[in-house]
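Take a look at the letters that make up each chain.
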Amino acid sequence: MYNWAKALLVSLLIYSSLVQASPYPDAWQDIGRPATADELEAWDIDVRPDFTGLPEGAGSVAQGEGLWLDKCASCHGDFGDSNEVFSPIVLGNITPEDIASGRVAALTDSAVVRTTLMKVATLSTIWDYINRAMPWNAPKSLQTDEVYALTAYLLNLGYIVDDDFVLSNDNIHAVQAMMPNRYGMTTDHGLWSAAGRPDVVGSSCISDCNADTTITSFLPDYAMNAHGNLRDQMRDYGPYPGIQTAPEANVISAPVSTSTAPDALLLANGCSGCHQQAGPLLGPSFDDIMAKYQNQDATDYLRTKIKNGGSGVWGTMAMPPMPHVGEEALLAISQWLVAGR
Amino acid sequence: MTDSNPEPRGQLQAAPESFIPADLVSAISAKGINAERRGLIKGAFASALATMAGVTTAAGGDPNIVTLPEWSTTLGKSVATHPYGQPSRYESNIIRRQSPGLTQTDQASVAFTPLQSLFGMMTPSGLHFERHHQGWVDIDPRRHRFMINGLVKTPTVFTLEDILRLPSVSRMHFLECGANTALEWGNSAVPTVQYTHGMLSGSEWTGVPLSLLLERVGIDLSKAKVILAEGADGSSMTRTINIANALDDCLVAYGQNGEMLRPEQGYPLRLVVPGVQGVSWVKWLRRIEVGDAPYATKDESSHYVDLMPDGLQRQYTAIQEAKSVITSPSGGQRLKNSGYYCITGLAWSGRGSVKKVEVSVDGGRNWREAQIQGPVLQKMTTRFTLDWVWRGEPALLQSRVTDSTGYVQPQRAALLEVRGARSIYHNNAIQTWRVNRAGEVDNVQLG
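Read top to bottom, the protein sequences are chains C and R. Once you know that position 320 of the first sequence is 320 in the numbering used here, the rest is easy, because the numbers rise by one and skip nothing. Once you know that position 83 of the second sequence is 424 in the numbering used here, the rest is easy, because the numbers rise by one and skip nothing.
Hints in this document: simulated from the structure, not taken from any laboratory. This list has only true hints and no planted wrong ones.
30 Å max Cα-Cα, derived DSS-like pairs, lysine-lysine:
id : chain 1 : residue 1 : chain 2 : residue 2
1  : R       : 566       : C       : 140
2  : R       : 494       : R       : 564
3  : C       : 307       : C       : 71
4  : C       : 307       : C       : 140
5  : C       : 292       : C       : 305
6  : R       : 494       : C       : 140
Here are the simulated distance ranges between beta carbons:
id : chain 1 : residue 1 : chain 2 : residue 2 : range
7  : C       : 210       : R       : 410       : 47 to 57 Å
8  : R       : 735       : C       : 208       : 12 to 22 Å
9  : R       : 754       : C       : 27        : 49 to 59 Å
10 : C       : 27        : R       : 693       : 31 to 41 Å
Ideal Cβ placement from N, Cα and C applies to all residues, glycine included.
Isolated chain R, as found in the complex (with noise of 0.2 Å):
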């Protein structure tokens, strides 16, 4: 799609972000902010940019050109200064967050991904949600223990050292809590997508396949129907998982982007199994058991049910349906001025791979396609872009995905017709973000 307007130019000044006049501090300082003084601060900012586009051009180019800065006339730090390497000392808003009053205790609680101000389809280690169930735990690798019982020849013990040596593959796959995006069920409840869909990363996982272990214990397959995979934490937490997944693509895995799981996500070993919620995903795997019926644990009976309309709990929901949503510009963040932007954000399927995506930026009326960019895996993120251009006026951002099953992400209204407002989990309706004339985007629901 063209534009049959000239396009505006984007932004090529820096940002006067501390422009505002002493005497709207202290004012807001005493009073708090609402619109006029809000409205005073972007006026702030609207002539703090006209001046400073009249100083650069008086002194005759950037300061930060024309003034060498002191990274280019000084020495650099030693190699090693950080034996294992941070980021910038400029990145430090970009990490994981509570959302305050979700969990009454921190050990049973959730850590959000910051995925606003995040790239690609990786999730860095450090960055990862956190989910736990009675806090974490840092495993003495050497201590560690992984057992296989019940519908099997022989009951085994591995210890890390047997896990190592085994043969391994490396597998990149997104992972999503069942619960993600379950604060919007009823209304915008939460305000970027930080909070929203922030329990979930793309990772590449590096473990023996567990099939291979199951073929090693000889699991008997004429009576298997289920696994059940079990903790080494004070939770020792439990899920049922259909036999179909544990043979296909299931994973015993000890690495995550390239070092050793990290312990926040089950050091030293944890099971992975692509396109399923993540509480499925068992953190400090000490045990798989082979059954011929499901469990019924904790985490399957009295959470990670999805309430109906009716009253009926739908049990053993595992499987994440494909999603979307725009990661910039998204709620709590701000355009600066009018002109070109690229929108993106991330898609996956649990069923599959991505195979289109679309984006609408007028509440689902109109849809243009964006740019998939690859490699597009199997039950993993894939990021998307999209051009456009913002003339200042109010916007509804949403993106939908297709899947390769050809299943299409539904609007929020066509969830709640079916489930209802209470089913906690699965929720992977299509997320609206507003634009308004200030250029403000916020968290909305449409009707």
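Chain C with its partners taken away, still in its complex shape (with noise of 0.2 Å):
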């Protein structure tokens, strides 16, 4: 896969010529200390496909509901197939023949959505994930068992595992056997090293080449704008002005309002994610909230929904709750929704 011998040795050479050229070739040896098998167990937190690195533990699909509807179904739906957040985690589309063969058949279809079940061959980076990174805006805070019952569930609604199932460091391996694309990655590419070789190579023809100069694609003129005025994304003098994509009177007429939106707080928090001033992204524009609660005392009512989330005011689609926003920013946007246009 890949001739690391070679490389080593040059790096040697490379690294000698280096030591050689100073008086005291070894003086920075010292620098560094052992690490502690305390700071070891803290960090040393990885899990191989093998398994290697798994602590020891136990969780069940019926925990792992439990846990999921409570800190993770704001993201992810309650079945972990929302596409509203986050891509899907499971979404059908795997088969009992993709069980049997290891290979999920959907992935050659592009009209599927590829789900995270769906691509990943290995069990131990689910468990991994999960363990280093989730929740979203508290990762590393779930306990052992807790990432063991969330895994389950997850294999529980892939069809993986049945509704009674546990999971445990001592059947994992059983699990993984299971694992519906298991057979599906290939390391058979030039790209993981600098040596590898590579799949495609281009034409080195100069003249009268043989191109197809057929257009086939290109931003329709109504996608022109999509991205904002391009206009106001180049040096607007020398020789290159960007093209007016907007109508002139979005950049003629400044909105009216009463309050300037804190655009830099919405940005920052990830509000801008899910909502925009006019019009429905995710989540409802700042328009329709400010219209719903303008000169209300509603600014502790809009306080406490952006911190909590919830769903429910402005249809199913849940918002999660965002408990990284600090008093300031939350009084900050409250009032500014409340203050209106």
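Put the two chains together into one complex, using the hints given.
In structure tokens:
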């Protein structure tokens, strides 16, 4: 797969030339100190495909379901099927035949949304990732048994294990043997090392080349402004000014507002990912929220709503809790919404 | 190549940007822009240009010369008005931008570098693209620790002070996200080079060679096959890296372009893996584990795997193959009039250095060799230029790089034939910019 021996030789040559040039070749060798056992335990959390590094523990599908609804469903949906905050983890599209063969057939179907369970070949990946990075806004807060339970629940959503299953370090190897896409990865490609062999190489023809210059794709007029007015995205003097793609009205007439949008807060706290000023995005527009709560005594209500999330006010789409938003920002955003435009 | 016709003169007058009549402005305000009104705007520009030329002549000189501007007749600002310097206020368009709708959250997202407005081979640190997986953090350097464990004689902890005391090197390398140009596999999806190629940067990185650190902790070379790099942020992102890369030119870096790393770039420590996709340049680096088998982490199993038409996913794809793009003129820009233009762009290769860049203005039928601006460095962005005279006719601009291994950047169709349109990562196809008769440039794909 790679030739590290050669690279090592080269690097040792570079290294030895470095140290020979110095009158103190090993003087830096005492910098740094041995890691303690507790330090290694705290940080060495990775779990490999052969489950090296996996701590002992167990968790049931039922426990996982409860945890899921509490800590995960607001972003991923009750059944891991939501595409609103993150790409879906489970959406069906995995068949008993896939589990038997170890290859998910639907990956060849361009109409099918690729989910985590369709793609991932190794169960360790899911366990390790939940353990190190989830929940989204409180990473590394789960207990070991909770990670087992959540992993069991996801496997159950994919019909890989039954409703009464308890996943543990004892049976996890057996579950790996049922992962639907366990044979779906290949390392037969040239991109692992610099010495790898390219799969596609271009032509070096210089003149009268056989090039098909038919235009097969371009941005239609209506899409030219989808990234904002291109005129404002180029240096506005010099040989290459940007094309005016927005109606001039947007540029000339400033929006009439009674308060200025706290754009920096909205961006920094992740509000702008789901909400924009006008028109629904994933969540309702700020204009709609303002219209609903304008001049009401709703500042405290909105502060709580932003902090804790919820659903049902603007439809079934859930808003995730936003515990990372500081009190000052909560107040500023809520007051701005209530002040209206 | 020389043109036999006399060269048209380039534009010498100031741009008449503010000459749109009021009635046209209100018509556009009320009804939006369409082909007719766009034509009227162009007409307004043309007549304004003529008027301006006349005014300039009549006044006996450019008013910016004959009437001294205020900056020539007033006292300037104090030193250290901005203790950390800032760009001119006239450069406020030159910023990182997100692609609307690309990601559902702003923490696992991308902000693209405005390549269309940058010069040379280096990227200003403040405009370096951002790609985070769980938001960015600003780590207290006094509390940051870096650990090496696994197949080593002594698992070792380093403070930042330790790292800063060790022998260091500075090297220039490009950094490109494996998903750069990912939006363009299926069709032309985004309007400018900022969005098509803006997950690319060139920087000078300063740090300790990883090979030196691995030697320091007593790496077991008889067993080591990979390393795992891990971040200290909430995502604690992990990637497996080939031991050959690790022992070759990787750095545990703290410096970028002469200063400490920006927080968005991993302050105070990040791994530098020259030639390899950005996701492996783990930011906020807290740990390296030496191992004997790959780790199949989330970002090498669920993401950053390249789906092939047969349903197999290429795992542990890492190298960024040779690629180039014209940054000016490019999508969303407008040539003001016919005449001389200096086509310019960037080329780079994760397998070595840039040997040659060729440019076509007719969609790949004929190519001319571009001028390479030095220095040409290993695994570093390289600037190229090519003289061009635009005579007002439609054009299809392309660039094509050949690297030091002899590899030639492929046309998009050739890449699609092997990999299909759903592999997301490692799209290094030749980019086409179309210039229409009005001088407007847009992003197109050819058959």
